[in-house]
Structures are given as structure tokens and as C-alpha cells.
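Undergrad: This is what each chain is made of:
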Amino acid sequence: MDKVLMSHGGGGSMMQSFISEIFIEKFNNEYLNQMEDAALLPGKTVFTTDSFVVKPVFFPGGDIGRLAICGTVNDISMRGAKPLFLSASFIIEEGFPVDDIKKIVGSMVDAANEAGVQIVTGDTKVVEKNSADGIFINTAGIGILPDGAYVSIKNGKPGDVVIVSGTIGDHGMAVMGAREGLDFDPPLLSDVSPLNKMVEKLMALRDAVKILRDPTRGGVAEVLYEIAGMSNVGIKIHEDKLPVKESVKSACSMLGIDYLHLANEGKLVCVVDKDFAYKALEIMKEDKYGKDAAIIGEIDDSGLVTIETVYGTNRIVDRPIGELLPRIC
Amino acid sequence: MQGIINTAKELIDRYNTGESIKIMEVCGSHTMAISKYGLRQILPPNIKLISGPGCPVCVTAQNEIDASISLASQGVTIATFGDLVRVPGNDSSLQEERAKGRDVRVFYSPLDALDYAMANPSKEVVFIGIGFETTIPSVAMTIKEAYTKKIKNYSVYCLHKTMPKALEALVVNGSDIQGFLLPGHVSAITGSTIYNFLVDRYNIGGVVSGFEATDILMSVVMILKNLKDPKIEIQYKRVVKEEGNTYAQRLMDEVFEESDAEWRGLGMIEGSGLRIRDKYSEYDAEKKFKIKKPNSSTEIKGCRCGDVLKGIITPKQCPLFGKACTPLNPVGPCMVSSEGSCAAYYKYGE
Numbered sequence: 169m170d171k172v173l174m175s176h177g178g179g180g181s182m183m184q185s186f187i188s189e190i191f192i193e194k195f196n197n198e199y200l201n202q203m204e205d206a207a208l209l210p211g212k213t214v215f216t217t218d219s220f221v222v223k224p225v226f227f228p229g230g231d232i233g234r235l236a237i238c239g240t241v242n243d244i245s246m247r248g249a250k251p252l253f254l255s256a257s258f259i260i261e262e263g264f265p266v267d268d269i270k271k272i273v274g275s276m277v278d279a280a281n282e283a284g285v286q287i288v289t290g291d292t293k294v295v296e297k298n299s300a301d302g303i304f305i306n307t308a309g310i311g312i313l314p315d316g317a318y319v320s321i322k323n324g325k326p327g328d329v330v331i332v333s334g335t336i337g338d339h340g341m342a343v344m345g346a347r348e349g350l351d352f353d354p355p356l357l358s359d360v361s362p363l364n365k366m367v368e369k370l371m372a373l374r375d376a377v378k379i380l381r382d383p384t385r386g387g388v389a390e391v392l393y394e395i396a397g398m399s400n401v402g403i404k405i406h407e408d409k410l411p412v413k414e415s416v417k418s419a420c421s422m423l424g425i426d427y428l429h430l431a432n433e434g435k436l437v438c439v440v441d442k443d444f445a446y447k448a449l450e451i452m453k454e455d456k457y458g459k460d461a462a463i464i465g466e467i468d469d470s471g472l473v474t475i476e477t478v479y480g481t482n483r484i485v486d487r488p489i490g491e492l493l494p495r496i497c
Numbered sequence: 008m009q010g011i012i013n014t015a016k017e018l019i020d021r022y023n024t025g026e027s028i029k030i031m032e033v034c035g036s037h038t039m040a041i042s043k044y045g046l047r048q049i050l051p052p053n054i055k056l057i058s059g060p061g062c063p064v065c066v067t068a069q070n071e072i073d074a075s076i077s078l079a080s081q082g083v084t085i086a087t088f089g090d091l092v093r094v095p096g097n098d099s100s101l102q103e104e105r106a107k108g109r110d111v112r113v114f115y116s117p118l119d120a121l122d123y124a125m126a127n128p129s130k131e132v133v134f135i136g137i138g139f140e141t142t143i144p145s146v147a148m149t150i151k152e153a154y155t156k157k158i159k160n161y162s163v164y165c166l167h168k169t170m171p172k173a174l175e176a177l178v179v180n181g182s183d184i185q186g187f188l189l190p191g192h193v194s195a196i197t198g199s200t201i202y203n204f205l206v207d208r209y210n211i212g213g214v215v216s217g218f219e220a221t222d223i224l225m226s227v228v229m230i231l232k233n234l235k236d237p238k239i240e241i242q243y244k245r246v247v248k249e250e251g252n253t254y255a256q257r258l259m260d261e262v263f264e265e266s267d268a269e270w271r272g273l274g275m276i277e278g279s280g281l282r283i284r285d286k287y288s289e290y291d292a293e294k295k296f297k298i299k300k301p302n303s304s305t306e307i308k309g310c311r312c313g314d315v316l317k318g319i320i321t322p323k324q325c326p327l328f329g330k331a332c333t334p335l336n337p338v339g340p341c342m343v344s345s346e347g348s349c350a351a352y353y354k355y356g357e
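From first to last, the protein sequence lines stand for chains R and F.
Numbers 169 to 497, taken from the working numbering, label the letters of the first sequence in order.
Numbers 8 to 357, taken from the working numbering, label the letters of the second sequence in order.
Think of the hints as simulated: they come from the structure by calculation, not from any bench.
C-beta: ideal position from N, C-alpha, C; glycine also.
Any given hint could turn out to be false.
Reference excerpt, derived from the structure (chain F facing chain R, CB under 10 Å, subset only) [stated by the list, open to error]:
| hint | residue |
| --- | --- |
| 1 | Q102 |
| 2 | V113 |
| 3 | Y154 |
| 4 | L335 |
| 5 | S345 |
Excised from the complex, chain F in its bound form:
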């Protein structure tokens, strides 16, 4: 293992010009891996890895959390992925709602949530659909299956977001990023060509990277090598193909269509979200329960998750980091989520 790391270090030294280089990882799992393996200790100081908006929990807008909480209080069963339950809304979190007796259940897969709905026909089960292209196909699958089997007590509150438009928003807003570590899991579905606009319009390259330390270091090498002649490349070839998973893409397209979406920290980004197509509208919780999102995002005072997500500051530059905001008492979503950059910096002592 040490041998591979040394090789990566040598290659990084060979292609390192010594100038300040900012590389953004846009995937929460990359953020965690970088901290967990201590990769910043291996890289030369002029090469900075900064975290972007790729943690699905972190970018879920606060008013969307509030709307989910309000739905829980109407007596429906809220089905959700992992740590979304811990994210604070204005006054509460789904976790606290559960303690009050609301029916909030964590599922490992949306298909399990559909199975739960089928086994409990007297309950109205609403799956909170968050996440990017990694999770979207499996949620689409539940909607299609519910439609085929005429299941009446299952629906999805669609808060899904797609990655390319958010990357473009970051670049357009004048970030000084020289390269992207592109998300491995998302790209397994989308393929890599969706990122070509970064080179074509903005002259910034990127590498679809795997999640092991060696994957990430080799991806950094590839970015450095191509700094003068930027490209979109795939390092994670054992999983990602240029064309992606076309079956999953068709499934997504059949159930969802493009819509605008609000990102925590980045605001409203045109065409960066999804909504459920009319054919499947009976499975759209927003319509079924006439969900009204509370007025847009009164972010918590002092919390700079938005700037962390844009890569403007590192977690440690937030005045609340490690003081008012810790994993035990998180103020913002970047500290709550297991994939959040503040949580990564705090948990691994960076």
C-alpha cells in the first residue's frame, strides 16, 4: 500500500508546478474518504482539496426539511434515508418528531419503503426522495412498481437534484477551481460526457474518481497532468463507463422530468432538480398532500454551510465550527450529515 502511495506522491511532484491549485471534490463520499485517509497530509501544501455541494443531505434546503416535518405531523409514515432524520429544520428535526410519536422510519433502500407500504396498507407511506443520480433510479423504480401494482398508499416527496447544473452554477459564480474530482457513484449512472461542458465552456477539466485513497491520488495526478489542456477523464473505470448506465437513465427519464430546484447555500438553480411526471402524479406526495413549502430558507444565524458548500471557506473558517456547532449539537447540515465536509473535518481532527 505504501508503495502505491509513494508512486502517487512521485507523480504528483512531477506534475506539480508549485502554483496554488484548487481541486474541488463534489461528492460527499469523496470528502469523507479524503479526511478518513488523511490525504491532505500526503499532498503538497499548494494543492488544496476543497469540498463542494455533493452531499445530498447538506444541499437539501431548510424549507424542504420543514415541509417534511410538517408532513410527519399530519399522521403519514415518513420513510427516509439515513441521516436526513438528524438535520435540524427551523424548530425541529425528523428525529425529534419521531420521539414525539410521529411515524418516521429509516430505510436502507427505497424498495424497502415500498415493501413496507405494501405490508401496511392502512398507512400512508411517503418516501423523502433526496440525493443525486445515484439514488434517483431506485426511487424511480419504486414509483413505477407502485404504478404497475396499483399501490395506493405510497408516494414520494421529490427533492432530488442533479449534478451538472450545480457545477455550472459554481463555475459561473466565479469560483477559482482548476479541476474537479467528479463523483464516482453519480457518474456510474450518468456517464462522464455530461461534464464535457466544463471543458467546452469554461476550460476546466475533471476526473471521475473512485473512493479509495489511491483512486483519489491518481485522479489528482490526472488533473495535474492536464492542467494546461483540460479534459474530462475517468479514473474509476472499473465502475464507470463513458455512456453510463443507460437502463437507469431511461428509468429516470420515464418517471421524472427536469425542474428548478433550491440548493442550500447555492439558492435556486434552473433545471437542477427533478419532478415526477404527470403520468405518475398520484405518487407525487407534493400533489397528494398539497405540500406547501414554508417560505424560502431562513438560514441559521452564523452558520456558513452555504459558503462551505461553495468552497469559499473551509469548515474551520466558520465561526461556529467546533464551538456552537459539533456533531453532537449540529447547527448546520454540513455538520449533521455523515458525508458533510464540516463533519469530516471535525470527526477526523483536520
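Excised from the complex, chain R in its bound form:
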């Protein structure tokens, strides 16, 4: 590899090896090496950062501003922590409409209010026309881990149960549809939402909640592979248990894309002790963003990520590589 490719940012296995080889090996410290969505620092502080480059900037169900807040709030939440303060940095291309920035900032304020976080610092840069694509936003955030919680991607054990908090692939397909002019009936909206309130309620189960991960780029499939790899376990999921909207299913079938690879921005994958699985499911279902939550599988010791199909056969779950490309015919 002598040039960076789009696939290196696609959230799949190419991005994972790129990050490990280029960044982790060099930056190399005990906090970064946790390889979690957010770093757990001394004093139970949790810290994370994320950049947002979505195209189109306004998409069905949200925009880059809401995404920038929810993404970082959710990354902090995925350690079981309560998000408190965020930063917001803007890189804006010359010529970008000021009215659009005002709309984006309005969405950021609404999302921050909903999540109960404050944007306390920031930065603005304007770059020459054609040296960026409209607007890029970076947000960083800090939060505090409650007592009794230890959520980590390394916690999975055979017998634990895997739950997903709602329908899979809504954000990825809504954005792809908006970009490519696909119409859905009823319209398909992004699920972009802050999940911290749901996580806060889940954390009442304390260390029974073992792993939380938001399946953004790379989708649920990539998260399952990350869990299997980092916890050194296998995972078996069941196709008939996966919550997926019919519109997403048919668009995937038309384009030859696996919905398990599509990005989600308002869903989480939770690994929980089996004795608490139904309680966790109930907590999720009571939350407005968790109504379609479902138990989708269980951890095993196979070392593989497999799916039992609706036909009763078993196969490996396809791990995403990088850029999602539609099939030809």
C-alpha cells in the first residue's frame, strides 16, 4: 500500500489493519491500546473524538450536525459512561452557505440538549474552494464512568447474550438512498440519535452489562467481529431474530449489499450476562430509541462469527472489507 484508498476509511477489516499498523503501533500507550470507542483515563474520566464527513450534509432524518453530537455522545456511552462536555471543530470550504451552517448548528444544539451535554470549546477553519468537501466537523467529548460499571469489548464470555437495540441499517441505507436518488416508500429515515439515556438505564444492571458498541461504519457485522476478536470468543446470531425494516431489506437485495454491513447511528450492540438478558431487553424496549430491540444471538467458544439462516443452515457472517459497493446485476 503506497496510497490511502477510500476502503481504508470504510469501517471494515481494511480500516482496522490500517489503524493498527499506522497509528496504534506508533502512538502506543496504555489508554489508546485499550482499542475501545473511548479511552478510560485516571479518575474514571472517559475521553473520545470523532470526525464527520457525511455526504449529503442534510439527509433524510438528520444532518451532519446532529450526527456530530450523537456520534461522540454515543462513543462515550459505549464505555457505560455519562457524557458531559463536548468540543466542536469546523473545517468549512470557502463558498459554503452560511444559512446551512446555521441549520447545522441548530441541529447540534437540539441534539446536545436532548443528550444533556454542553459544547464548551471549539474551533473554526475556512479552507480554499475545492480543498474540502463542503463542511467537516470534529467533536470530542468527555464523560464520567459510574461506580460498579466496567464495560469493555474484551469482556465477552461464552454463554453471554447479544442484543441489538433496534432495526439494522437505517442510517446507512437512508444516506445511500439520498446520495443515489433511491426513493423508499414509506420514506426511510436515518436513526441518528443519542443513546446515553438508554445506556444510563442499562447501567443499573452494573457489571452484568459487559460490552456496549455502536455499530457505525462497518455495521453490526464489523462490531461482532471486533467483539469476537477482542474477547477471544465466537458469536452465533440468528437471521430470523434480526430486526430489519422491509425497505432496507429490499434495497439491500436490489443493490447486493448486506444489511449487517450498513452503518447505524442510533443503535447499539450489547453483550450481557445471560441471567440479565431479558431485563436488559425490557429496559431497551422502554426507551424511545429501543422499541425494536431484540436478542439476536449468543457468545460461544467457536472463535467464528456465524449466522443460522432462516433456512436452518449455518454460515460465516461476511466481514465487511471497506467501501460498500453495489453489485452489477
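With chain R's structure known, arrange chain F on it following the hints.
TA: Then chain F, alone, in the frame of chain R:
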């Protein structure tokens, strides 16, 4: 769902003679569906489903990829379908060319590529036309529309291939296939009568199949039922008619004419490709940019995609499979393409 599968299993058992039976699926989407639904686990061991040359990316010859890459380096905008961007040529791929700053864009439909050309009159947009009868009519439509609207900055590098001659080449070359799962999407355009030669000349039957697990299993049942008295039948009746889509056929015929074509793995097959008719020659990128294909296909050492495409070996019998060749670092096109049989075997752990 399980009930339908059980019924299919019972029917397969009823018509199964126990002898070794090879059924070839010639469509990449069938290949993926078979692996994705784990259908080989349902079939008895003597019935083998083997993959044929129906993945458009896989059969695109390497020198055609090289020619597309060279076109990208001339400063034109390359418009292409899906995963063709990842297929390695001799030294590079369209994906790598894009990273070097060449203008390579993925479109979901050729009509979007034409729209892009119309919205960007200062750019020369070349659509890389690959695929079979499924995609050919929509590419023909862009050429006709560009002609009517006098669009000057759009053209097509025509690498299209047609299915029947390739099937015949396989059969003539002595494959021991007892039945074909015929491509559903292609047949929606062509109809099913184009396959009658398989029965008439070679006494081999086939079934035009849909893409759900139950479609494929029922098509296998139909093939087994007719083994002694082969027929061409349509299982995918909800989409495919015997006469096909006559409007799309006329459109194809108006814009394209038959030519010879080189298939990766199968070599040159007479009359199995298309070229743009003289009337539309200003939209023929090969003429417009005087494309010279590099000398024919120096296939990558050790890669046995050609034998996989002919059904001679299964992907796992290739020495590179899963070692030097994986979806992350594909050596050959059967591992690159989302419809490739090696990718299907690898991704779904078969």
C-alpha cells in the same frame, strides 16, 4: 420457511438417482445466494452446484482492465459500476488510480453517469460498459439519449458480453455438466428460448431460476425431474417470460451489434460480445480515444480463476485460495467481485 425447504428436500430425494450430478449456476447472483443461504448443506452430497462464468467482473479480461486504467490516466472521468474499481490489472486498479487523483466514479446506473456528463460539460465521461443482457439495455439507453440530445462529452467503452455463446463454449469444451441453473436477471431481458440450443445440440437441460433459496432448490428439483428428457424451463415465472422483454431487446439491437469477445478464463469466443453500431460511433470510447488494449491477458501466476470460471475446480482447489488470495488482498477477479465464486466461498466459510 422451514416447511418449504423440507418439501424441496423431499422432492430432491424423490428424483435423485444417487449418481453424481453436476449442475452449473452461470449467474454471479446465484453463486452468492447459494453460499449465503448455505444451500450446499441442504443438497445431498452427490448433487454438486458449481459456479460458471456469470460474474461480469470476473470475466472481464485483464487487458480490458489495463486499457480502462490507461484511459483514466489520460484525464477522462471514468464512470463504472460497483466493484470493477477493485479488480487488479497488471500494475494497478481503478481504485488505486482514484487514490492517485484520477477521476474514477462509481455509479449505480449508467443513466446517472450520463446525467453526470450533462451536468459537467467540461469533463469527458467514459462509462465502462461491462455486464450481460441485464445491464446492456440501460447502457444502450444512455447512448441513444446522448445521441438524441447531442451530448458530446459522454461515451461508452463497450466490454459487454452475451451469455449463450459462453455456455456453448463450455459445453463444447467437454465439461460434464448435466444441467444449468440459468440466469434470472439476464433471462428477464432475453427470454428463455435462447437456451434451446443446449437441448437441441447437446441434450442438456436448464431452468431459469429466481434468487431466493426456495427458487434455487425448486429449480434443482426441475432439473433432476428432467434429467432423462432434458428441457429448458422457467422457474422464475414471476419475472421471466419465454419471449423476454422485447422492448429491451430492440433497444440493444438498435445500438449494439455482435462481435467477438475475450473472456477471462475462457479466452476469445466468437460472437459472444457486442460493439457499438456505426450510427453511434461518436459514443464509442474505443474509437473516440483510440484505445489500444494491451497484449492479451498475462494472467497472474498461480491464479486459477480461469479454471474456477469453467467449473473445472472449486475455489478451494486453487492453491492461492485463502492464503495469498483473500477479499482483503485479492489476486484474481473471482475473489474481488461481490459476485465472484471465490469471494462467496471465502466470505461465507464454505
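Undergrad: All hints are to be evaluated individually against the structure, with a verdict given for each.
TA: Going down the list of hints, with the structure as the test:
Below 10 Å, beta-carbon pairs count as interface contacts, and Q102/F has one with chain R at about 6 Å; its hint therefore holds. A cut of 10 Å between beta carbons decides the hint on V113/F: the least distance to chain R is about 6 Å, and the hint holds. Among the interface hints, the one on Y154/F is violated; its C-beta lies about 24 Å from the nearest C-beta in chain R, farther than the 10 Å criterion. A least Cβ separation of about 6 Å between L335/F and chain R falls short of the 10 Å threshold, and the interface hint therefore holds.
Hint status for S345/F relative to chain R: holds, with the closest Cβ pair at about 5 Å, below 10 Å.
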